[in-house]
Amino acid sequence: MDKQLIRPYGDRKDDGVVQLSFVLPVPASEKAKEAAAQVAKKLGLTHVLVATCEPAGKDYSFFVVYGRTHMQLDYNAIEVPVVVHRKHGFDELNEVIKRDLARKIVVVGACIGTDSHTTGIDAIMNMKGFAGDYGLERYPGFRAINMGSQVEPAALVARAKAENADAVLVSKVVTQRDVHKEDARALIDIAKAEGIFEKTIFLFGGPRVDHKTALELGFDAGFGPGTKPSDVANYIYYRIMERSGRPPPPQPTAHGTPDAGVGETI
Amino acid sequence: MDKQLIRPYGDRKDDGVVQLSFVLPVPASEKAKEAAAQVAKKLGLTHVLVATCEPAGKDYSFFVVYGRTHMQLDYNAIEVPVVVHRKHGFDELNEVIKRDLARKIVVVGACIGTDSHTTGIDAIMNMKGFAGDYGLERYPGFRAINMGSQVEPAALVARAKAENADAVLVSKVVTQRDVHKEDARALIDIAKAEGIFEKTIFLFGGPRVDHKTALELGFDAGFGPGTKPSDVANYIYYRIMERSGRPPPPQPTAHGTPDAGVGETI
Amino acid sequence: MAQLFVDSSKIARARELARSAALGVQAFIDRHTTVSIERTVLRLLGISGAGTRGAPLANLMVDKLREAGVLDKGAAYWLGRALKSAPGKDPLHAIERVAAHPDKLPALPPEEETQLREEMRADARAAVKELRERIDRRTQLKASLKVGSFEKAPWKYVIVATGNIYDDVEQAKAAAQLGADVIAVIRSTAQSLLDYVPHGATTEGFGGTYATQENFRIMREALDEESRKLGRYVHLTNYSSGLCMPEIAFMAAYERLDMLLNDAMYGILFRDINMKRTFCDQYFSRRICGFAGIIINTGEDNYITTADADEAAHTVIASQLVNESFAHQAGMKDELIGFGHSFEIDPAREDTLLREFAMAMMVRELFPRSPIKYMPPTKHKEGDIFFSHAYDVMADLVAITTGQGIQLLGMMTEAMHNPFLMDRYVALKSASYLYRAARHLGEEISFRPDGIVARRQRDVFDQALRLLEEVAKDGMMAAIGKARFGDTARTPEGGKGLDGVVEKAPDYFNPFLEILENG
Amino acid sequence: MAQLFVDSSKIARARELARSAALGVQAFIDRHTTVSIERTVLRLLGISGAGTRGAPLANLMVDKLREAGVLDKGAAYWLGRALKSAPGKDPLHAIERVAAHPDKLPALPPEEETQLREEMRADARAAVKELRERIDRRTQLKASLKVGSFEKAPWKYVIVATGNIYDDVEQAKAAAQLGADVIAVIRSTAQSLLDYVPHGATTEGFGGTYATQENFRIMREALDEESRKLGRYVHLTNYSSGLCMPEIAFMAAYERLDMLLNDAMYGILFRDINMKRTFCDQYFSRRICGFAGIIINTGEDNYITTADADEAAHTVIASQLVNESFAHQAGMKDELIGFGHSFEIDPAREDTLLREFAMAMMVRELFPRSPIKYMPPTKHKEGDIFFSHAYDVMADLVAITTGQGIQLLGMMTEAMHNPFLMDRYVALKSASYLYRAARHLGEEISFRPDGIVARRQRDVFDQALRLLEEVAKDGMMAAIGKARFGDTARTPEGGKGLDGVVEKAPDYFNPFLEILENG
Ligand code: B12
Ligand code: B12
Ligand SMILES: Cc1ncc(COP(=O)(O)O)c(C=O)c1O
Ligand SMILES: Cc1ncc(COP(=O)(O)O)c(C=O)c1O
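Protein chains in written order, with our numbering: chain L, 1223 to 1488; chain Y, 1223 to 1488; chain C, 346 to 864; chain A, 346 to 864.
Isolated chain L (complex conformation):
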């Protein structure tokens, strides 16, 4: 494939301009300003302009810096995993579930660990949904069990096992020192130990989750900010079909809804 070399663009194409801000633990002064310029230079920037050096308290200074980087990237060489599947409208999805599976899809979800940020998982699972898009509870084709906040990974796995769930929906919002990854890994380990890993679909979601990270953690898919319940509903259906060896082709539906892509939402 051809190379597509790109660089940051400020004023003119490929000028490499980037803006920085940071704090240094020294009082504001001409010397501090010079230190800030050196920080930028050590990052490989040229044309460094320390736009401001402000006293952020007596012992700290705050800087805004502009500079240019000379690196370039081959945009064509970047690979990001995405799943593309058909996206059905609400009624149509319920119809195809009925037709293809002849039963309800069972999903169990929770916000795990000490995390009590429920709005994300609620947005996906509860009746009301998100941004005008109905939640899974509202789909006749789904049975949606939302265990809420602060659920231990083991409790979530146990419930999924008891309900014979098709999919487990895991939400993590607190990410400080990567606690979300830790909890997510723990969950997958327990699922394996409990023997439901193979037969269940695992979805991971949250504001700092992306599809790639989710895959790395052992999940089937990852869903980030702005995810709509209908994306999730369609994905689960698609994945069940795929696992049973009959993936629906990725093409626009009769209802004219466009294809949905996991890992493609911005």
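These are computed hints drawn from the structure, not numbers from a lab.
Predicted, not measured: the structure shown is a model, and the values here were computed from it.
C-beta: ideal position from N, C-alpha, C; glycine also.
There's no promise every hint is true.
Claimed, not checked - Here are the computed lysine to aspartate or glutamate pairs in the EDC-like style, where the Cα-Cα straight-line distance is at most 16 Å: (1) Lys1235/L with Asp512/A; (2) Lys1434/Y with Asp1411/L; (3) Lys1383/Y with Asp1322/Y; (4) Lys1235/L with Glu549/A; (5) Lys1350/L with Asp653/C; (6) Lys574/C with Asp1281/L; (7) Lys1434/L with Glu1256/Y; (8) Lys1383/L with Asp1411/L.
As the list claims (entries may be wrong) - Partial selection, computed: residues in chain L whose CB lies under 8 Å from chain C: (9) Phe1244; (10) Val1245; (11) Gly1279; (12) Gln1294; (13) Tyr1297; (14) Thr1336; (15) Ser1338; (16) Val1401.
Stated by the list, open to error - Some chain A residues well away from chain L (every beta-carbon gap over 12 Å; in silico): (17) Arg376; (18) Ala413; (19) Ala431; (20) Val473; (21) Arg477; (22) Gln516; (23) Ala519; (24) Leu539; (25) Asp569; (26) Gly638; (27) Asp653; (28) Asp691; (29) Asp696; (30) Ser733; (31) Lys827; (32) Lys849.
Following the hints, complete the assembly by docking chains Y, C and A with the ligands onto the known chain L.
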């Protein structure tokens, strides 16, 4: 001297956190987001978080990125040239000029080249001054000639020669593609050619000027944003004394005004 | 300044309803105590240490008493008895002995019983006196300094949350130097679910720093010093929430904190703490706050980070009225009740600034004597820090224009991480700009009585009134069961900490409650 | 919406004074022409090329005529005569021949002279008709699209200034996609002092891109295409300022630009252009703008980037009234006079938002039928882009609340560089937020008639009135000599371009002026 190693400080001491923003010439997408992460990584950052990827028009995306740099600086090794001299109050300065020089100090200033940003040079030279600090025109000890905007370097030098000026005050505000440095260099060259370089003090000022740059360009001193006319007045007196071999010692004055430092204003 | 477009008769009616709802719960509260209340009693009596593996002595003792089934008489009683029966022994061992075979413990003869209680009452009075003296020192310090970085403007409130108390101190000092009036040390994510308060200085927390008495002391000391240097008093606040509400209130009082997050329902709704437990705990904690002159901040902002801020606006008002009644029942003066609300409206919508003005003015005027704590946008913050900053600036504008009391400054990086030093810098600098620029705007403008703002206020209040009618009819517990607040349903028997609720015996003894309720 | 607290009798008096001051100058204008006016006449007659070294043919021709001392009859006359006397020759050579020995040129017999003028008038009418048709195309395109990204909100105006017209196009398209309603291509720093308009597409400029007819064409074409794609008309603007005011007005009209910076005094004060030259040039340029339906933007914002915005506020008002009179004298309708002013108040001071409201409302209401062009803060912008952004957001708020017509969006990087793509992104996004959030705020609030805002308005207007009394008494030229505007003194004989001013001969001929003045 001992080393004083410093690093950017976000949440915890020495965590190295910096914030970046830039545009890439590609449409917003998961792939663009990954490209942004790679930009940050190529700058040597770790813990890269692409906080946002926004469509800045159809063919561009705008990013805010956080990451950590592992470099450190020895703050004690940074050297910035500064001039420290006594700073007299208005009346006192006029008195010492009378006492030590027995004449008025003559200064000629202008905003040179095609630059018509006069507020900076006016702030220093005109009666009114800047931020409550009187301009040179108001000092009985000074004769201040402000030639205004868009003055060719040659015209400024000619006038300085004609007036037998003690000091030439040069202002440059437009800095695109370093036009300020070009014009400043031209001025110094002409002053040399006209034979006034040695006997005259050259001051360079403007929002993107600092003492170090001014020295590099051949000036005696540089004055950046926030400069007060009284700083300039005192500096010129000090420099005249210094050149005549009797520099006043840097210590607080009877009026209790603190020492002024060129290149020390923030 | 702020304008109220709601009928005063409707307001009176709503207050009446909220009072009756809270009174329903108060009857329950009066009949019960909790492990946390009893631990607080012990702490008040000087039991402040920790056992070998860091478990607080107060916990070890109360656990023993509860296991022995005798907590219903009150921990103060047992401590008195234990020390009497084993003079010279250390209190933990003494209690252990008493609790080992409680059934074997003979009732004391009436006069000894009376004497024991009187002695404990004397100890309690001494403890309260000491506490009063500590608090007076804060009052004196405050009186000797300027309070509030801007006259007639909200106090600027910022959060530090590094997880490490020593980094917190650094960041708090820098913030104070930049004009912060209140420093809040945010707690570690899981702390509210701990049924004890960790001991000592701590350096590792998730999304916050553990609330411990020693951490309180360290931070207050640093701020005292900084306040003196700046000539301006810098307030300190923390959380009296979760399973240890009253204990933290005591520690805060003792270490001279100025404010506390403290809400009658927050723990129930947002931490799934049992409602009986929380109702009892909030009561005793508020008795302490009232005594110590600690301003509490209620947590109605959380309703609209969970539910939609437009749709759930009325739940904020209804809940504030309920919180007010609970606080009044705990003897708190209006001046100490800092009602919380927030600028959480979705910026993608139309007329959001108008609708925010409606809410901010209504809350301000419904509680004219109370300091209102106004929170910034959080839920709709974006990774685009420049946009988020603009959005925060609008909150600054509303805060200064409508005369809020305490303004939590929004952070442009809210959607990413706990505030960094530079985030606070940016926030403080723009808030100061807004305060300078618009300090007198509120006095200059008035809103049309028939406009969008006035209509919005009336609509929201009408909905709040309807909700309160329902709550007063069904009772608080049932209303919470129906997810009427914060979009979250809880049952009276669900949630954490129910096993720490104990019905009081007829001869239940709590000398502090006596003092606080009567003094 | 916007409120005016000034006595209407004072306003009437001020208008009268401004009119008399402008009329004093108009007498001078009517007696003179300039090299730039005459070049414009030639360009209108189709002389658009450039000579071998890039010098525009119009310049080469007019220079010859001026050197020959015959420009006072008008370039149109000489072009007609030259082409007549040397049919088939190219116009430059023809003119050169005529101008070589002007003294040897015999006067034409009266009927030939009349016929020549009639023929030139016919050519002029044809040229004007073609121009009208081009402009009608803009009118049609505009009518077929949405105009203004937000209803009842100012047009969002952003600057592109890369120096390279092709980069400008990229950046302009991106801005349009993000909601910009007006694209301004800023000129290279030194262009206003060039006594010619460079030719062709350009890719190198300092702090801006050269204004050339080809650059106008390239950008308008790109914006036409983008407008169609977006279903929303995107306006284009440039500068009709400096030594080539009328020429650029013509090029802009021909290339269908929508607006132009055009001020009766800007060049005098801020570019040290001779005042006689500018007064004459502005008149003819405005005649063209009026004809072509181009909205002009006056430059009073510059007064308060030079002088202090608080102290010089009245000069803005006085100058606007003068600019209005000049524009009326050039036959412009109010709807085309976009008065400029700006939010330049020093943010370090108190009550700045209030004082800004006072000014913004006053300007808005003094010229109720005119589109007001509101400029953002620039002078007190800081390297701290976060603070500068907050400051801009306040300008957005005032703009939307007071119903300004065109809002130049502030750039957070104003203190550093010409706007980058990302700077515009940030500005457009927050302006859109503010427009959504506060579009109806102006209708909701009213200011006290005795408050800070009202008092400030009255004070400023009183000062403006005093200034206009002085100006009307002394005359415009003398007032400028006393630095009454923009803190800058200029003399009638000083500055650049005086040698391009020529007193008209009694038989001066300018067929375009005839058409424009009469119809
Ligand atoms: C609302 C909120 C709260 C509320 C939560 C209320 C509730 N009922 O959920 C309250 C006030 C209680 C709260 C408390 C705390 N919070 Co909080 N909170 C937020 C806030 C403002 C918004 C989060 C939110 O509701 N977003 C809206 C939802 C709809 O978006 P979402 O979660 O991204 O979900 C979408 C997608 O990600 C996806 N999705 C999410 N989950 C899943 C799961 C699956 C399976 C799928 C398919 C999709 C999916 O779909 C959703 C819809 O599109 C954020 C800041 C911010 N603006 O992001 C801070 C934030 C998350 N909180 C934070 C912190 C630190 C806390 C506290 C620890 C603070 C403290 N020390 O007291 C506490 C404790 C919480 C705890 N124990 O977990 C930090 C986390 C820092 C970090 N990165 O680790 C943040 C970022 C704020 C900050 N800057 O400090 N918080
Ligand atoms: C006001 C202003 C104007 C006014 C100038 C009015 C006037 N009479 O001066 C007007 C509107 C006319 C103008 C026009 C233009 N401007 Co202008 N303008 C500014 C603005 C907003 C403020 C500058 C200012 O007045 N600062 C206040 C003074 C007091 O500060 P100062 O100059 O730094 O001076 C202090 C010190 O530096 C020092 N100092 C300065 N000189 C000297 C000299 C000596 C000897 C000493 C000792 C000290 C000293 O002392 C002073 C007091 O402390 C800046 C943006 C900004 N916020 O900085 C843009 C800016 C400088 N302008 C800019 C541009 C591009 C232009 C134009 C070219 C735009 C165009 N294409 O039309 C034109 C053309 C100007 C020209 N030919 O030079 C750019 C320059 C970009 C760059 N870095 O190269 C800026 C940065 C804006 C931007 N972001 O695009 N401008
Ligand atoms: C009243 C109240 N308590 C406590 C908290 C903090 O949560 P936690 O209890 O997890 O410390 C909040 C959150 O903002 C609150 O509003
Ligand atoms: C009326 C007017 N003309 C022109 C300009 C631009 O300057 P120049 O003439 O150097 O292009 C401005 C600056 O903002 C202006 O206000």
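Report holds if the minimum CB distance from Lys849/A to chain L is greater than 12 Å, and violated otherwise. holds, 46 Å
Far enough from chain L: is every CB of that chain over 12 Å from the CB of Ala431/A? Ala431/A is indeed farther than 12 Å from all Cβ atoms of chain L, at 47 Å.
For the pair we were handed, Lys1434/L and Glu1256/Y, check the Cα-Cα distance against 16 Å. Given that 16 Å is the threshold and the Cα spacing comes to 10 Å, the pair holds.
With 12 Å as the threshold, tell me whether Lys827/A passes as away from chain L on beta-carbon distances. holds, 38 Å
Between the alpha carbons of Lys1235/L and Glu549/A, is the straight-line distance 16 Å or under? Between Lys1235/L and Glu549/A the Cα gap is close to 14 Å, so the pair holds against 16 Å.
Going straight from one Cα to the other, do Lys1235/L and Asp512/A come out at no more than 16 Å? Judged against 16 Å, a Cα distance of about 7 Å means the pair holds.
With a cut-off of 8 Å on the beta carbons, see whether Thr1336/L makes it to chain C. Holds - the Cβ of Thr1336/L comes within 8 Å of chain C, reaching about 4 Å at its closest.
Classify the label on Asp569/A as holds or violated, using whether its beta-carbon is more than 12 Å from each beta-carbon of chain L. holds, 23 Å
Is Lys1350/L within 16 Å of Asp653/C, Cα to Cα? holds, 11 Å
Minimum Cβ distance from Val473/A to chain L greater than 12 Å, as the annotation requires: About 39 Å separates Val473/A from the closest Cβ of chain L, which puts it past 12 Å; holds.
Non-interface label on Gln516/A, tested against every C-beta of chain L at 12 Å: Answer for Gln516/A: violated, closest chain L Cβ roughly 8 Å.
Given the hinted pair Lys1383/Y and Asp1322/Y, is their alpha-carbon gap at most 16 Å? The given pair, whose Cα atoms are some 23 Å apart, is violated under the 16 Å limit.
Hint violations for this structure: numbers 2, 3, 12, 13, 22, 23, 30, all remaining hints satisfied.
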